[in-house]
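Novice: Sequence:
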Amino acid sequence: MINVSLCPACIAQTLVLLLGANGAPILIRDVLKERFNMPVDMGKRMQDGYPLFGRSKTWCGIIASLVITALAALAMNLSLFTGVLFSLTAMSGDLLSSFIKRRLGYSESSRARPIDVIPESFLPALALHLQIGLGWMDILAVGVIFFLAQFFLSPVLYRLRLKNRPY
1324 MINVSLCPAC IAQTLVLLLG ANGAPILIRD VLKERFNMPV DMGKRMQDGY
1374 PLFGRSKTWC GIIASLVITA LAALAMNLSL FTGVLFSLTA MSGDLLSSFI
1424 KRRLGYSESS RARPIDVIPE SFLPALALHL QIGLGWMDIL AVGVIFFLAQ
1474 FFLSPVLYRL RLKNRPY
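Sequential numbering of the sequence shown, starting at 1324, is according to our numbering.
Calculated directly from the structure, the hints in this document are not laboratory data. Hints may contain errors.
When the alpha-carbon atoms are kept at most 30 Å apart in a straight line, the in silico DSBU-like pairs for lysine-lysine are as follows [said to hold, decoys possible]:
(1) K1367 / K1356
(2) K1367 / K1486
(3) K1486 / K1356
Okay, the calculated beta carbon distance ranges per label pair [as the list claims (entries may be wrong)]:
(4) L1403 / P1489: 28 to 38 Å
(5) M1460 / M1361: 38 to 48 Å
(6) G1428 / S1328: 40 to 50 Å
We treat Cβ as the ideally placed atom computed from N, Cα and C, and that holds for glycine.
Full structure from sequences and hints, please.
Specialist: Following this line, the structure appears as structure tokens:
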């Protein structure tokens, strides 16, 4: 039988971890500006002429995500391993979405919300559903809430100069 009940605390924990994993690269970029911003793909281009991921996916951002998400996990009485794995799967989802967008011809940082949001929210929720206590409905709720939060908060973060684009 499929469990359709929701665990609000589990959903909230997951959303906090998503905020840490995806927000840390943005914050570190603003703090360090261009220092230490070596692209993950080292500027390599695929045969289609587009970058593998793009300039905005940096090692510094990934390291910031790992550190902040691990600390957030510890603060919520989750293990360090859970925080690191959560960050790695969120960043893998982010890189996957960038890779897909480049192959589809989208420019760097272009708007493609479902492609942007689905891998980076569902991958960590699926990978860590047992550690966090998420059921299938919780995972779906996390994805929907994360999508809506991105939709409504991105313009606000842009006005606050925390994002470079209003989407």
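Novice: Now look at each hint and say whether the structure bears it out.
Specialist: Cross-check of the supplied hints:
1. Taken as a hint, the K1367 and K1356 pair is honoured in the structure, with Cα atoms around 22 Å apart against an allowance of 30 Å.
2. Only pairs whose Cα atoms come within 30 Å are accepted, and K1367 paired with K1486 is accepted, the gap being roughly 25 Å.
3. Proximity of K1486 to K1356 is assessed by CA-CA distance (about 13 Å); at most 30 Å being required, the pair is judged to hold.
4. Between L1403 and P1489 the CB atoms are about 35 Å apart, so this pair conforms to the stated range of 28 to 38 Å.
5. For M1460 paired with M1361, a C-beta distance near 40 Å keeps the hint of 38 to 48 Å intact.
6. Remark: the range hint 40 to 50 Å for G1428 to S1328 is upheld by a beta-carbon distance near 42 Å.
Violation of the numbered hints given earlier is absent; every hint is satisfied by the structure.
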